[in-house]
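Chains as they are written, first to last, in the working numbering: chain A, 1 to 138; chain B, 1001 to 1138; chain C, 2001 to 2138; chain D, 3001 to 3138; chain E, 4001 to 4138; chain F, 5001 to 5138.
Take the hints with a grain of salt, since some may be wrong.
Under the rule of at most 20 Å between Cα atoms (straight-line distance), these lysine to aspartate or glutamate pairs were calculated in the DMTMM-like manner [to be verified]: (1) F/5114 <-> E/4035; (2) B/1114 <-> D/3042; (3) C/2114 <-> E/4042; (4) E/4114 <-> F/5042; (5) D/3114 <-> D/3092; (6) F/5114 <-> C/2111; (7) E/4114 <-> F/5128; (8) F/5114 <-> E/4037; (9) E/4114 <-> C/2128; (10) A/114 <-> B/1042; (11) F/5114 <-> E/4128; (12) F/5114 <-> C/2128; (13) F/5114 <-> F/5092; (14) B/1114 <-> A/119; (15) F/5114 <-> C/2037; (16) A/114 <-> B/1111; (17) F/5114 <-> E/4119; (18) E/4114 <-> C/2119; (19) B/1114 <-> A/37; (20) A/114 <-> B/1128; (21) F/5114 <-> F/5128; (22) B/1114 <-> B/1128; (23) F/5114 <-> C/2042; (24) A/114 <-> A/102; (25) B/1114 <-> A/128; (26) F/5114 <-> F/5133; (27) D/3114 <-> D/3128; (28) D/3114 <-> B/1035; (29) C/2114 <-> F/5119; (30) B/1114 <-> D/3128; (31) D/3114 <-> B/1128; (32) C/2114 <-> C/2092; (33) D/3114 <-> B/1119; (34) E/4114 <-> F/5111; (35) D/3114 <-> A/37; (36) B/1114 <-> D/3037; (37) A/114 <-> D/3037; (38) C/2114 <-> C/2064.
It is worth saying that the hints were derived from the structure and are not from the lab.
Number of protein chains: 6
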Amino acid sequence: MYSVTVRGHMMIAHSFRGEVFGPARRLHGATYVVDVEFRRADLDADGIVVDIGRATTSVHAILEALNYRNLDDEATFTDRNTTEFLARHVFDRLVAAIRSGELGDNGRAIEGIKVTLHESHIASGAYDGRVIDAIAPA
Amino acid sequence: MYSVTVRGHMMIAHSFRGEVFGPARRLHGATYVVDVEFRRADLDADGIVVDIGRATTSVHAILEALNYRNLDDEATFTDRNTTEFLARHVFDRLVAAIRSGELGDNGRAIEGIKVTLHESHIASGAYDGRVIDAIAPA
Amino acid sequence: MYSVTVRGHMMIAHSFRGEVFGPARRLHGATYVVDVEFRRADLDADGIVVDIGRATTSVHAILEALNYRNLDDEATFTDRNTTEFLARHVFDRLVAAIRSGELGDNGRAIEGIKVTLHESHIASGAYDGRVIDAIAPA
Amino acid sequence: MYSVTVRGHMMIAHSFRGEVFGPARRLHGATYVVDVEFRRADLDADGIVVDIGRATTSVHAILEALNYRNLDDEATFTDRNTTEFLARHVFDRLVAAIRSGELGDNGRAIEGIKVTLHESHIASGAYDGRVIDAIAPA
Amino acid sequence: MYSVTVRGHMMIAHSFRGEVFGPARRLHGATYVVDVEFRRADLDADGIVVDIGRATTSVHAILEALNYRNLDDEATFTDRNTTEFLARHVFDRLVAAIRSGELGDNGRAIEGIKVTLHESHIASGAYDGRVIDAIAPA
Amino acid sequence: MYSVTVRGHMMIAHSFRGEVFGPARRLHGATYVVDVEFRRADLDADGIVVDIGRATTSVHAILEALNYRNLDDEATFTDRNTTEFLARHVFDRLVAAIRSGELGDNGRAIEGIKVTLHESHIASGAYDGRVIDAIAPA
Chain A
1 MYSVTVRGHM MIAHSFRGEV FGPARRLHGA TYVVDVEFRR ADLDADGIVV
51 DIGRATTSVH AILEALNYRN LDDEATFTDR NTTEFLARHV FDRLVAAIRS
101 GELGDNGRAI EGIKVTLHES HIASGAYDGR VIDAIAPA
Chain B
1001 MYSVTVRGHM MIAHSFRGEV FGPARRLHGA TYVVDVEFRR ADLDADGIVV
1051 DIGRATTSVH AILEALNYRN LDDEATFTDR NTTEFLARHV FDRLVAAIRS
1101 GELGDNGRAI EGIKVTLHES HIASGAYDGR VIDAIAPA
Chain C
2001 MYSVTVRGHM MIAHSFRGEV FGPARRLHGA TYVVDVEFRR ADLDADGIVV
2051 DIGRATTSVH AILEALNYRN LDDEATFTDR NTTEFLARHV FDRLVAAIRS
2101 GELGDNGRAI EGIKVTLHES HIASGAYDGR VIDAIAPA
Chain D
3001 MYSVTVRGHM MIAHSFRGEV FGPARRLHGA TYVVDVEFRR ADLDADGIVV
3051 DIGRATTSVH AILEALNYRN LDDEATFTDR NTTEFLARHV FDRLVAAIRS
3101 GELGDNGRAI EGIKVTLHES HIASGAYDGR VIDAIAPA
Chain E
4001 MYSVTVRGHM MIAHSFRGEV FGPARRLHGA TYVVDVEFRR ADLDADGIVV
4051 DIGRATTSVH AILEALNYRN LDDEATFTDR NTTEFLARHV FDRLVAAIRS
4101 GELGDNGRAI EGIKVTLHES HIASGAYDGR VIDAIAPA
Chain F
5001 MYSVTVRGHM MIAHSFRGEV FGPARRLHGA TYVVDVEFRR ADLDADGIVV
5051 DIGRATTSVH AILEALNYRN LDDEATFTDR NTTEFLARHV FDRLVAAIRS
5101 GELGDNGRAI EGIKVTLHES HIASGAYDGR VIDAIAPA
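Next comes chain A alone, as it looks inside the complex (with noise of 0.2 Å):
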């Protein structure tokens, strides 16, 4: 299997609804550094996974819809905005991008994704996935 990554970040507010996250239930923040592996079997004709500057752009494009903002405030993830569900969030779009052919023709090969969320030099958050198995994101 190839795999090809590439990093963004984001640097957003929220804040957590449940017993078991304890002084998070106030309103912080976080600079999320973003890992983005994409993943396929075989090279395309030109010996790579995927257009890297193409997919920086996607990436990048993901993170700047939340980037500087409260994530309390918009719609998508009031109630449930933790590091695993943005880190799910951050897949279902790149999901989307490929299959409107915003990675490219061969951008389509593309067979798997991780996308890792590190919250601080201590604790981070991810969801991998196969492309294909992935529902039609909302």
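We have chain A already, so just place chains B, C, D, E and F on it with the hints.
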């Protein structure tokens, strides 16, 4: 597959037995920076893989039991304390913690764990296993 | 010059005021990974710059007072909570901790402190000052 | 699954052919920081995945053959030297090393290898394969 | 002293002249991950060292002029393109940018700049200077 | 001021004496990832701070003499082997190497050296001194 990763560390002395270890047969030591990845297919009702507070507490407790020690003096590790073996030890302890409920009721849904021990900027060892396959640790 | 550096972190929400800040004027957040370097010309009788346990406790206490908070709601930071300002705040708190004896009698010999706040993998801010020059923090 | 990872690096010049590469069609260069992960289900009698000394020697020898070179001048890489292709090249060379006994008799039990080439702080490419599936490298 | 540091990178080919460089006399390449630290004694009215947006734009523009190039073909660097020399080049360009007002009126108050070029995980070169002492770059 | 930094590491066992060290009074160990920064005001005729090959060889030789050892058994370090003290030891050895000509004739122009020992992802110790001020090491 969703995952959450937390980091801890320990500083231990040890020595190895066997020609293959060369100068590492002398008593020496290591800082192990330890990354533990918890995985499961679906999130719980709170939208998380595991209560990260409990997970961190469990990881730190396991490392603390070894921290600032000479593993050559610990019965569990005599003659077998390679990085790989230590990674498996942490995995086994975490499986036991999950089964005892230490990671919460929802923690029992964790399917896989990867334990990586970074011993320097250029070398690491790891054990990655499924919780359900794990035999009861001694 | 000898030095010892310890690391901690905090996750906060905030917003900035002023045209120069562009989209960062919106309520957003950051994880600050914080490195604190303590410096002095000579070591104490134990061969150390400072009791690293006490130093870590002080750094963590200062960060904990800000952690999981919206700095826009904290009187100390209203209208002035840039990364640079926060670095100075941590410096001032540490100077106060040294003067109060919180870092031990030998801690009073610390001559300089550098506080670096990493806000992402590509940006950081810092304050570096001499303890003796510091005015009494408010 | 157990694993051990070792790191090396190489500094090469190259250029790419194809519209998709944009400005990277010009002769330029890269430092590749290379992580090689060796995997197997069980440890050998010494409690290790592989003799890390031999593994490091093999990885460094493979990288040294490319280090400080212009890959456009190397027959193996003419017209095909993307990061992904280079990762596969290192994988193939390591499979050959295992089969020749260069990693020791126990090294023959290695089941999988992942080769990751970090080309900057924000991009990497990798090849991950099973040793048994690998066709004999040219 | 306050400081702000931003990161960029460039991927270049080059070769060195002189016995001391050994195999690096062959045409090869490097990824330089570049950290630029801007320093000044006091913050401006906005509570910042420099407009980080403008500073990042300037750093990226300087690196972009070298990115994806063979420095042996650039008149500025013929026979003198060591890591140390490149660090000084970036410093000189930044001094010129400050003097031209590219970093804003407040940017003129920057007193010192350190430019660090990381060429691998184990080596870097840097130039650290005072802006006021810098001679007008050619 | 120009600088070049090279990295090495060592894995040692040791214990500390004194109430302040708490559990670190037990025999334990550490991986020290060691960064050595060489500084000088002007470059030599080859455009470099120091022959990086010679500098790396010297740093590695100094670390190798301690690697895979129990420092409690080494006369030099009995009762005094804190991270800070070890950083000074490496500095002193490098000053001796410079004076003996081990870093080349041009190496004698090195003015300052900073030795940083990273003992984990959250702690380090360092010694930074001027070569000319250094007393002859024992």
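Discussion item. I'd like to know which numbered hints this structure contradicts. Please list them from smallest to largest.
Written reply: none
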